[in-house]
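K.L.:
One letter stands for each residue in the lines below.
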Amino acid sequence: MRRESDAERRADGAAAPCERVREALVDALLARREGPEREAAHLADCAACREEGRVLGALRSALDAEPPPRLDPALLARVRRRAAGELWERRAARGFALEAVRAAAAALVVAVPVTVIHAELVFAGLRWLLEGRLPGVLLRALEALYLGSSLLAVGLLLASVPLLLAFRGGGGMARPAEGGAG
Amino acid sequence: MGSDEELMAAVARGDEGALGLLMERHGASLHGLLARLAGDGATADDLFQETWLRIVRSAPRFDPRRRFRPWAFRIATNLARDEHRRRRVRLGEGQRPAEEERAPEAGDPAEAREVRERLQALPGHLREPLLLRYFGGLDEGEIAEALGIPRGTVKSRLHHAVARLRAAYREDAR
Numbered sequence: 218m219r220r221e222s223d224a225e226r227r228a229d230g231a232a233a234p235c236e237r238v239r240e241a242l243v244d245a246l247l248a249r250r251e252g253p254e255r256e257a258a259h260l261a262d263c264a265a266c267r268e269e270g271r272v273l274g275a276l277r278s279a280l281d282a283e284p285p286p287r288l289d290p291a292l293l294a295r296v297r298r299r300a301a302g303e304l305w306e307r308r309a310a311r312g313f314a315l316e317a318v319r320a321a322a323a324a325l326v327v328a329v330p331v332t333v334i335h336a337e338l339v340f341a342g343l344r345w346l347l348e349g350r351l352p353g354v355l356l357r358a359l360e361a362l363y364l365g366s367s368l369l370a371v372g373l374l375l376a377s378v379p380l381l382l383a384f385r386g387g388g389g390m391a392r393p394a395e396g397g398a399g
Numbered sequence: 487m488g489s490d491e492e493l494m495a496a497v498a499r500g501d502e503g504a505l506g507l508l509m510e511r512h513g514a515s516l517h518g519l520l521a522r523l524a525g526d527g528a529t530a531d532d533l534f535q536e537t538w539l540r541i542v543r544s545a546p547r548f549d550p551r552r553r554f555r556p557w558a559f560r561i562a563t564n565l566a567r568d569e570h571r572r573r574r575v576r577l578g579e580g581q582r583p584a585e586e587e588r589a590p591e592a593g594d595p596a597e598a599r600e601v602r603e604r605l606q607a608l609p610g611h612l613r614e615p616l617l618l619r620y621f622g623g624l625d626e627g628e629i630a631e632a633l634g635i636p637r638g639t640v641k642s643r644l645h646h647a648v649a650r651l652r653a654a655y656r657e658d659a660r
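Residue numbers (this note's numbering), protein chains in the order written: chain A, 218 to 399; chain B, 487 to 660.
Hints listed in this document are in silico derivations from the structure and should not be mistaken for laboratory results. A quick note: this is a predicted structure, and the numbers were derived from the prediction, not measured. Cβ coordinates follow ideal geometry from the N, Cα and C atoms, glycine included. Don't take every hint at face value.
In silico lysine to aspartate or glutamate, EDC-like type, Cα no more than 20 angstroms apart, as pairs [said to hold, decoys possible]:
1. B:Lys641 with B:Glu626
2. B:Lys641 with B:Asp625
3. B:Lys641 with A:Glu360
4. B:Lys641 with B:Glu631
5. B:Lys641 with A:Glu236
6. B:Lys641 with A:Glu240
Just so you have them, the derived chain A footprint on chain B, three or more residues with Cβ under 8 angstroms [what the hints assert, rightly or not]:
7. 496 to 502
8. 515 to 524
9. 531 to 542
10. 597 to 610
Far from chain B by the CB rule (all over 10 angstroms, computed), these chain A residues [as the list claims (entries may be wrong)]:
11. Ala317
12. Ala321
13. Arg344
14. Trp345
15. Gly365
All chains should be modelled from the sequences, with the hints used to inform the complete structure.
P.N.:
Below, the structure is given as structure tokens:
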């Protein structure tokens with residue numbers, strides 16, 4: 218494998234050594250590396266490639282002559298405060314959603330069994346009072362209607378939980394001050 | 487101190503400390519790139535802020551299998567490109583935005599000014615990969631991710647960009 222790649226390299230070199238060397242010179246410039254050591258022998262022999270290396274070296278010096286743009290620490294601090302404000306809003310929204318889910322789950326755990334037990338007691342009373350006076354079908358329809366309306370009331374109550382929490386406002390978290398004029 | 491991608495996952499959970507670390511790691515290079523892409527400091531500052539706000543807003547959707555750096559540089563490059571386009575529309579086609587014609591800063595070496603002008607004169611598709619590579623320190627694979635182009639295209643554009651700069655340099659030397 219190794220021998221094959223060396224052979225390939227030799228073949229490349231024989232085909233277009235200057236082209237390959239100039240490509241390596243540009244790669245070195247882009248990577249801010251010194252000139253390609255592997256090509257030192259060719260550069261020593263070839264005046265045109267040496268000149269190319271010199272021009273690229275001068276170009277690199279010119280590119281590096283401009284001082285890097287300075288990042289003002291005050292700008293960094295201001296941007297950080299703004300970004301932190303965004304994060305706070307996300308946390309607040311997530312906290313609100315979690316609180317809503319928790320409250321709804323708690324209400325569900327308590328409200329549904331209480332409603333069903335309450336409905337069972339009411340049905341028992343109805344049956345005791347009305348059995349034999351009303352047709353059985355009508356009695357069962359009344360029971361179903363009562364249970365349905367009770368569960369609907371529970372559902373409406375649960376749906377109002379997010380609204381109640383929204384009125385409480387953001388789960389009690391304090392929004393960080395943004396400051397600055399950004 | 488985790489990887490950039492771990493820090494992004496923490497940012498997605500609302501961790502301000504993780505955001506601070508990412509800003510420390512990449513703030514200077516992103517700002518440097520934006521300053522060179524925009525050509526003037528005030529625009530670069532605005533774009534820098536917008537870049538970080540976008541990073542924060544997109545954090546929950548960030549795919550941790552992707553690399554943070556090219557992703558962040560892509561956001562910055564796109565914002566700079568949009569800003570450049572808006573300015574061209576405002577000024578009218580054919581006119582160069584004012585920041586590209588700015589006077590050199592006091593104490594700027596003449597050579598640096600010339601190279602900056604030549605860089606600004608490069609077409610965007612050559613300037614962007616060159617700035618990302620030389621000043622942003624991204625490798626070819628990262629640039630390909632950042633610009634959404636194949637790696638081979640990145641390589642050829644980089645070589646074209648250097649060839650253009652070098653040709654101008656030779657003309658000046660004559």
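K.L.:
Now tell me, hint by hint, if it's right for this structure.
P.N.:
Going through the hints against the structure:
1. B:Lys641 with B:Glu626: Given pair Lys641 (chain B), Glu626 (chain B) holds - Cα atoms ~7 angstroms apart, limit 20 angstroms.
2. B:Lys641 with B:Asp625: 10 angstroms, holds
3. B:Lys641 with A:Glu360: 78 angstroms, violated
4. B:Lys641 with B:Glu631: 13 angstroms, holds
5. B:Lys641 with A:Glu236: 15 angstroms, holds
6. B:Lys641 with A:Glu240: Between Lys641 (chain B) and Glu240 (chain A) the Cα gap is close to 10 angstroms, so the pair holds against 20 angstroms.
7. 496 to 502: holds (count 4)
8. 515 to 524: holds (count 4)
9. 531 to 542: holds (count 7)
10. 597 to 610: Since three or more residues must qualify, the claim that chain A covers the segment 597 to 610 of chain B holds, with 6 doing so at under 8 angstroms.
11. Ala317: 18 angstroms, holds
12. Ala321: 23 angstroms, holds
13. Arg344: 55 angstroms, holds
14. Trp345: 58 angstroms, holds
15. Gly365: The assertion about Gly365 (chain A) holds, with a minimum of 40 angstroms to chain B.
The earlier numbered hint that this structure contradicts is number 3, and it is the only one.
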